[in-house]
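Work the whole structure out from these sequences, hints included.
Chain order of the listed sequences is X, L, P and F.
With this note's numbering applied, the first sequence corresponds to residues 840 to 1102, in that order.
With this note's numbering applied, the second sequence corresponds to residues 840 to 1102, in that order.
With this note's numbering applied, the third sequence corresponds to residues 840 to 1102, in that order.
With this note's numbering applied, the fourth sequence corresponds to residues 840 to 1102, in that order.
Simulated from the structure, these hints should not be mistaken for lab results.
Don't take every hint at face value.
Unchecked claim - Sample of chain X residues facing chain F (criterion: CB under 7 Å; computed from the structure): (1) 841; (2) 1004; (3) 1005; (4) 1006; (5) 1045; (6) 1049; (7) 1091; (8) 1092.
Stated by the list, open to error - Chain P side only, calculated, beta carbon under 7 Å to chain L, not exhaustive: (9) 950; (10) 1006; (11) 1052; (12) 1053; (13) 1091.
The beta-carbon is built from N, C-alpha and C at its ideal position, and this holds for glycine as well.
Number of protein chains: 4
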Amino acid sequence: ALPFGLISGPCQLESLDHARMIAEGLAQACAPTGTRFVFKASYDKANRSSLGAERGVGIDAGLEILGRIREEFGCPVLTDVHAADQCARAAEVVDILQIPAFLCRQTDLLFAAGETGRVINIKKGQFLAPWDMANVAAKVASTGNENILLCERGTSFGYNTLVTDFRGLPTMAASGYPVVFDATHSVQQPGGLGSSSGGQREFAPVLARAACAVGVSMVFIETHEDPDRAPSDGPNMIPLDQMQGLISDLSAFDRLTKGQMIR
Amino acid sequence: ALPFGLISGPCQLESLDHARMIAEGLAQACAPTGTRFVFKASYDKANRSSLGAERGVGIDAGLEILGRIREEFGCPVLTDVHAADQCARAAEVVDILQIPAFLCRQTDLLFAAGETGRVINIKKGQFLAPWDMANVAAKVASTGNENILLCERGTSFGYNTLVTDFRGLPTMAASGYPVVFDATHSVQQPGGLGSSSGGQREFAPVLARAACAVGVSMVFIETHEDPDRAPSDGPNMIPLDQMQGLISDLSAFDRLTKGQMIR
Amino acid sequence: ALPFGLISGPCQLESLDHARMIAEGLAQACAPTGTRFVFKASYDKANRSSLGAERGVGIDAGLEILGRIREEFGCPVLTDVHAADQCARAAEVVDILQIPAFLCRQTDLLFAAGETGRVINIKKGQFLAPWDMANVAAKVASTGNENILLCERGTSFGYNTLVTDFRGLPTMAASGYPVVFDATHSVQQPGGLGSSSGGQREFAPVLARAACAVGVSMVFIETHEDPDRAPSDGPNMIPLDQMQGLISDLSAFDRLTKGQMIR
Amino acid sequence: ALPFGLISGPCQLESLDHARMIAEGLAQACAPTGTRFVFKASYDKANRSSLGAERGVGIDAGLEILGRIREEFGCPVLTDVHAADQCARAAEVVDILQIPAFLCRQTDLLFAAGETGRVINIKKGQFLAPWDMANVAAKVASTGNENILLCERGTSFGYNTLVTDFRGLPTMAASGYPVVFDATHSVQQPGGLGSSSGGQREFAPVLARAACAVGVSMVFIETHEDPDRAPSDGPNMIPLDQMQGLISDLSAFDRLTKGQMIR
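Structure below.
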């Protein structure tokens, strides 16, 4: 099995300069371990907890920035799409289209994404069992596109809380599609701060390490140079200056696991 | 408080004749208690568990049928919308636009629905706490449209199971918006049949009665003349010939509750 | 079906005078509706959240008080037992022995309780499904004692929270044993206050009403003249001076339900 | 940090010869990695799902066997106690007294166990949050005995299912007490087979590995030479002949983690 790939970025695009700074930081953080990374950022936060929250730069400006990052850093880029008619447009620029968790059963969105031929990263809905993702993936695969990633990001557990069931990783892997573990959204506390979601940043490295020990193809970790000022998901993001240490740590577990698996 | 209103219909539109037959059955079932009903049917099942499941007649044929039912039976009609660009179109025909549970945080859909000025029935996501719905409603209300219904339809409880927390009804009612209880989707077992959702039809009347005792503005109950052959949600629908008895039963509890509340 | 019976009292025995005062209050609260009540109080709180919490008056003093209440008020009395060797002793005085929820699978306790021949009220563990209670009841029944009550008191739902699944009432009733709904423990928030359990007193009447609409044999409601000063379970108890109104309300729903059921 | 210790054995004592065979198997399985093991077995299964299930050899015969294993193999032994009056008796023989999960809030049992001065392994109740265990441990510590282990074994997640929240391991470790991860009970499906508990043996190694990556002091794994014929917990036990491979695998992750932590 290949070493794990990293999907990382600032959650929400702020500006080209900001995206460059984060991408530069990620490139440096990944260098010591030779970890490949996909730059992830959203041009639109389409389902914020509340009205007051910032939406983002929009699809045109967002794709422009992502295209520049792709070119300048030579890394694949990923963004999430929220409506069927955004898929073809985003696919002109990005390597991976991401289906948000809440939307993972929306058939038309899955079709439109699949038809672009791009890699499709499908977040598992917080309301789904791991085995339900086979039906979800089949919607994309029906377009003839088998470039599918299945992404764990926590399951509803009482109110305003998610829990990660690590049995879900091998269950989803049994589908044959590579599995991604989203460490920062898995520690979200949806709606937990009244008008925005809370998070438990301190547990993201704990869960990421567990995921690497169980065995995953990719790890998804949002980052920001100053998470407490990030326009979204700040409470669960990892500070950029801690990414190198975290990647190095995960890398060691990943190598051990992948070696073990060959055994 | 007014007597409860009923939202009912066949889940998925099959044909004009079928819709007429169901509407006629509902009119007869509601007559003895003088219960007002809203005819509900979907023109598109946009998030089926799996690929093999029927989608429906489509928006044009669907709205045509709903318009005819509205005219012929003099009842309000409701349908669910799945994308922002469907809202204005559906609003030409229907009285109530419904936001599906999975989509209840999609800001653009809530805006587009709100802007039609129609009544908006927002299903509470299976992944949300009752108090989180205030932020959801605020997205619609920001368009100047306060014609909002908040609808309970069960909360994720482990895998492939929903639970109804009746504390959620007064919690949502504290928002000032009328509360709807969806009895048939609350007994759904999402993904519970492998490639489709299961259901526990036998518990829908139990939960509906509890909801009427707690106090709600409307009750939502899907029905079919032969649920086991319905193209969707069969396992949790109430047979049409049992609707009169159920409405009469709920009516008695509703009257007691509403009287009690005045006390 | 018979009108619902009430199980009520101060949670923890404080003194004979206090028990008398509560029993007197309950007698008055039940009189207008002719509701039969069982006086419930614990002589020992054997599983408090934390060490600092009061345990109670002990088995000797407690049974003495319960015996006096039984004699003076002519009402049955109930207490909970925590070890097999307490059962025979408690059974000399009380009419109903209660098995605490955490202990509902302890075979020896169930045997010892069953062997007294008294009525046994078994609280459903927060960790059990309603259908699992048939196996629990069978342990008591194996002693030849079929005087069994099955009591719903909430199910674990995430951390520090319980949810009441009203499907559980008919599921447990299918066993043939009468079902009790414990309205005040169902709104407990276990461990929710750090070193003690919190509660949502305001929802106890809501859930009790729903239970009466679904149909139960008995309702369990703890009460205190000043809940905020009660030595245990204060946050979820109903003030004594609100009991008459609540009983009258529940009585109306119970009568409607029982009439309906005959239909 | 020290390498992880193993707690392992056949769940239920069957006979001295059987215990010897398992202990011998464990000794061999642990030898290559130099893993220390504690022999665990129960003399009484006091809370079986149903009546028909075997209880065990009893305290006298059980302690006799455990004493012999301790002497012959030179390993510490552990057993679980179910009533306060068993603690002193069991403590004459065993090194570690275990408090069952259902009983983890029973104050008198915790006191009696603590007073023996033995190491006390407290299983976290399926109904408790990780942070609630601090109050539980304080009950034991109040006896002056700080030899406490806190053991994760899964949390209620819907019906008949447990989920392991790996955030709980560092949360419990913050108490200062060593943390044990019980891999085989964490994959139990309580009541899941109708009259007995089911289990998902295949996930025990997955979760154990995740626990070792997160970092624990001990891992608890029940084993049997023929799990499908074991008198209890068969569906979640690891076959004895797979233990060496599993221990070696966990050992590699444990070493990496403990090294990492020193970093």
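These are the hints, each one checked on the structure:
| no. | hint | verdict |
| --- | --- | --- |
| 1 | 841 | violated (19 Å) |
| 2 | 1004 | holds (5 Å) |
| 3 | 1005 | holds (5 Å) |
| 4 | 1006 | holds (5 Å) |
| 5 | 1045 | holds (6 Å) |
| 6 | 1049 | holds (4 Å) |
| 7 | 1091 | holds (6 Å) |
| 8 | 1092 | holds (6 Å) |
| 9 | 950 | violated (31 Å) |
| 10 | 1006 | holds (5 Å) |
| 11 | 1052 | holds (3 Å) |
| 12 | 1053 | holds (5 Å) |
| 13 | 1091 | holds (6 Å) |
The structure fails to meet hints 1, 9 from the earlier list, while all remaining hints are met.
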